[in-house]
Each structure stands twice: as structure tokens, then as C-alpha cells.
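K.L.:
Using the sequences provided together with the hints, build the complete structure.
Anchor point for the sequence shown: position 114 equals 114 in the UniProt record's numbering, and the numbering is continuous, going up by one each time.
No wet-lab data here; the hints were simulated from the structure. Bear in mind the structure is a predicted one, so any value in this text is a computation, not a measurement. Treat the hints with caution; some may be incorrect.
Claimed, not checked - Derived DEER-like restraints, expressed as beta-carbon distance ranges:
#1 ASP261 - VAL200: 17 to 27 Å
#2 ALA247 - GLU178: 42 to 52 Å
#3 LEU214 - VAL111: 33 to 43 Å
#4 GLY272 - PRO213: 35 to 45 Å
#5 GLN298 - PRO213: 23 to 33 Å
#6 HIS136 - GLY270: 20 to 30 Å
#7 VAL259 - VAL73: 32 to 42 Å
#8 ARG39 - LYS199: 38 to 48 Å
For every residue, glycine included, the Cβ atom is placed at its ideal position computed from N, Cα and C.
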Amino acid sequence: MPMLLCMDDEQPAAQRLLAALQARDPAAGEPWRLGVIERHRFPDGELRVRLPPALPPAVAVYRSLHQPNEKLVELLLLAPAARELGAQRLWLVAPYLAYMRQDMAFSPGEVVSQRQVGRWLASVFDGLITVDPHLHRVATLAAAVPLAHAQALSAAPLLAQTVAARRPGALLLGPDEESEQWVRQAAAAAGLQAAVCRKVRHGDRDVQVQLPPLDVRGRAVVIVDDMASTGRTVAQAAAALRAAGAASVDVAVTHALFVGDALAALRAAGVGEVWSTDSVPHASNAVFLAPLLADALQRLA
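P.N.:
Given below as C-alpha cells:
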């Protein structure tokens, strides 16, 4: 019987994934069960991690890697221990995969974090499932995390369903050139029009978001992207849309990181609703990834 392991703070998402796995065709394989990993923080900040005392041959670890530094230490501790406790096939389900944005060195000596974190994950896990990883200068997830079983799923079609239900006929807009892959996927899934903004640099710190040559007056527009972190690019696009006469501006993102005052900046720029997946727990979560993840994990198992 394969086991899904999770940390105590991610039990709700893991329970949804477990329910989706158990709802699959019973003839497809043995039913999954859930195991919870216990954590303790010592006064000096070190972590103690406790796994179930015996593990089956097939184990999947659910750990979304937002706020990643401590979580990567957890994986460093638990992955080899899981092998010692019986796991022969060990997979990581990380709906949000950290350290993928830096895929090249921009100055001499700069560490390419995507390469280093990807290689390390590949050294301790047999497979990886993630959603909308931030990949631009590499063609595939396996190029960043060199595993034979590295699956990058897309939440764009699921987000598109939410947008189509709540803003029928909306224009889907990518806030910059990097977002084009997600906004095009979403538009194709929902049969909506899509366009992409571009960034115009006037200097090292002066970057302007330029709207595409479309008439947005009176239209509902939804900005679509893989993640919202500081929110500044999305906020610039939203403000420009409002100034151009858009009837409404909403945001649909896979990963709702929203650090600092990001959400407040979006509201100040005229954004109405924000919809996200549950890859990162947030009040804006409107799309649950469990069925998508369960399909991929069942195929892997």
C-alpha cells in the first residue's frame, strides 16, 4: 500500500490529494494511505524530523516549496531517512517548486540556483511532480531537475475554467513576455481572446509595462500569470488597463506568493478579484490542484 507523506502544516492539501487518489479506479492499484511527518524546532533553530517508523516500498512526499529554505532542509533530512525506513521508490510532489527563476549567472561567480537545487533534488528523489515551474531558458523540467520522471503540470486550463465561469468573454492578458506560455494555454482551454504586454526598459530601475494594441474600453480583462510575488508588474499592467478604460481588471495566478504589500499594491492599482490555485495556501485560492496531481501521481506509481 503506497503512502503519501506530508508535514503537519500541509495536511489539508495532502488530505485533498489523498481523497483524489482514493477516488481513482480501485483496479488501478493499491489504495493510498496518509502519513504525517512530525517536526520540532530546537531553541537554536535546528529541526528534528520524525517519520513513521516503517514505510512501504512506494512513498510520495507532499511539500510545496514556498518559503523554501527551511523546507529544503526538511527534505535534506527526511529523504535519506525514508530510504532507511523502507522506501524503495521516493517521489516528491511539490506544487510550487522554488529556486527555478535563476537559470543563468548574470555576473561572474553568481550561483545558478536552478541548476544546484535541481541537481540536489534529483540526487535524493526518484520522481518529481510540480505545477507551472518558472522555466524560461530551459526547455523542460528534466533539464532543470535531471530525473527520468520529472513532470511539469499546467494549472492554466483549470484557472481558465474559473475565469470563464466568473468573467464570460473576458480578455486574458499576460503582464509581460514571460507570461505568454500560460496566458495562451488558458485562452485555448476556455476559448477566450489573449494578448501579452511587453516591458520597456528606460534604465536599470525604470521599467514600464506597455499594453498591446487593443481597445480594452468597456471590457472585462483578467491578467494571467504563473505567479504573483511582489505584484509590481501585474499592478503596472492593471493600472494601465484601468487608465485605458477597462470595465474590470481581475488576476488569475497559479502561485499566490504575494510577499509584503503585494496584494495591497494590486488593489491600489484597480484590481478587483484575485483567483489562485492552492499550490500556496492563500485567501485567494479558488482552484484545487488535487485531481490534477492525483492523475500524475497515479501514472507515476
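K.L.:
Hints first: check each against the structure and report whether it holds.
P.N.:
Results of checking the hints against the structure:
At about 25 Å, the beta-carbon gap between ASP261 and VAL200 stays in the expected band of 17 to 27 Å. Against the hinted window of 42 to 52 Å, the Cβ-Cβ separation of ALA247 and GLU178 comes to about 27 Å, which falls outside the hint. In this structure the supplied range 33 to 43 Å holds for LEU214 paired with VAL111, their Cβ-Cβ distance being about 41 Å. A beta carbon spacing of about 24 Å between GLY272 and PRO213 contradicts the range 35 to 45 Å that was offered as a hint.
In this structure, GLN298 and PRO213 break the distance hint of 23 to 33 Å, their C-beta atoms being roughly 45 Å apart. Separated by about 28 Å at the C-beta atoms, HIS136 and GLY270 satisfy the suggested range of 20 to 30 Å. Taking 32 to 42 Å as the suggested C-beta distance range, the pair VAL259 and VAL73 does not conform, at roughly 20 Å. In this structure the supplied range 38 to 48 Å holds for ARG39 paired with LYS199, their Cβ-Cβ distance being about 41 Å.
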